[in-house]
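Same order as they appear, the protein sequences are chains A and B. According to our numbering, the stretch in the first sequence is residues 1 to 115, in order. According to our numbering, the stretch in the second sequence is residues 1 to 115, in order.
Hints in this document: simulated from the structure, not taken from any laboratory.
Think about it this way: if two alpha-carbon atoms lie no more than 27 Å apart in a straight line, the pair counts; the simulated DSS-like pairs of lysine-lysine are: (1) Lys58(B) - Lys41(A); (2) Lys9(A) - Lys71(A); (3) Lys61(B) - Lys41(A); (4) Lys58(B) - Lys114(B).
Listing some non-contacts, in silico: residues in chain A with all C-beta distances to chain B over 12 Å: (5) Leu11; (6) Gly16; (7) Lys52; (8) Pro61; (9) Arg63; (10) Phe64; (11) Asp70; (12) His77; (13) Asn79; (14) Glu82; (15) Gly84.
Pairwise CB distance ranges, derived in the manner of DEER restraints: (16) Glu15(B) - Pro69(A): 46 to 54 Å; (17) Glu53(A) - Ala16(B): 48 to 56 Å; (18) Met15(A) - Ala16(B): 43 to 51 Å; (19) Ala16(B) - Pro61(A): 47 to 55 Å; (20) His77(A) - Glu64(B): 38 to 46 Å; (21) Asp18(A) - Ser52(B): 42 to 50 Å; (22) Asn79(A) - Ser18(B): 44 to 52 Å.
Bear in mind the structure is a predicted one, so any value in this text is a computation, not a measurement. Cβ atoms here follow ideal geometry from the backbone N, Cα and C, with glycine treated the same way.
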Amino acid sequence: DTAVSQTPKYLVTQMGNDKSIKCEQNLGHDTMYWYKQDSKKFLKIMFSYNNKELIINETVPNRFSPKSPDKAHLNLHINSLELGDSAVYFCASSRPGTRSTGELFFGEGSRLTVL
Amino acid sequence: AQSVSQHNHHVILSEAASLELGCNYSYGGTVNLFWYVQYPGQHLQLLLKYFSGDPLVKGIKGFEAEFIKSKFSFNLRKPSVQWSDTAEYFCAVNEGSSNTGKLIFGQGTTLQVKP
Chain A
1 DTAVSQTPKY
11 LVTQMGNDKS
21 IKCEQNLGHD
31 TMYWYKQDSK
41 KFLKIMFSYN
51 NKELIINETV
61 PNRFSPKSPD
71 KAHLNLHINS
81 LELGDSAVYF
91 CASSRPGTRS
101 TGELFFGEGS
111 RLTVL
Chain B
1 AQSVSQHNHH
11 VILSEAASLE
21 LGCNYSYGGT
31 VNLFWYVQYP
41 GQHLQLLLKY
51 FSGDPLVKGI
61 KGFEAEFIKS
71 KFSFNLRKPS
81 VQWSDTAEYF
91 CAVNEGSSNT
101 GKLIFGQGTT
111 LQVKP
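Same shape as in the complex, but just chain A (with noise of 0.2 Å):
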């Protein structure tokens, strides 16, 4: 069973459209992330939900809204979509309790590209 899984793993789209990546954690973890990594391959947190409640949001334009309906998922909705926007974006969890210790348990990662 997955632990993490997010989709679509791989997303090919147009400038100026809107798209949402999904992820859903079934380890029972209170805390969920979005991390998005660059060309450069660098790892930037970009939110962290605490049991549905925004904890960390990151200096992140408006157009990249999430959204946590319950705290086993983690979604992501971007607007209006630039060619800056591409990058591989992943969701993370971690256990109650060890939100201090960055123990994170990562999803596979889901390919944007903006053409």
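Dock chain B against the given chain A, drawing on the hints supplied.
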């Protein structure tokens, strides 16, 4: 601001060679330190971690890392690499006083082990 620097971007070794990947971070306070690994086609997974105590920590698959506070370093080592160690290796830092689980990642090192 915190930053993590990995000196080696691409390392090529023959099987049985020894490995050392450098990682330095910039932050004056208490930190938690991590190495994550991403095998081809798989998700990022935790290789080892340092929170406190013995600065020499051992992880999975024979890897170890040494925290040297005076050098702000957390280098990864393995005495004898195998072809199956071919992967991307990421060093990461988390503020020790933080309760958000926010990781600052290095740029990653691609390790290629030739059989």
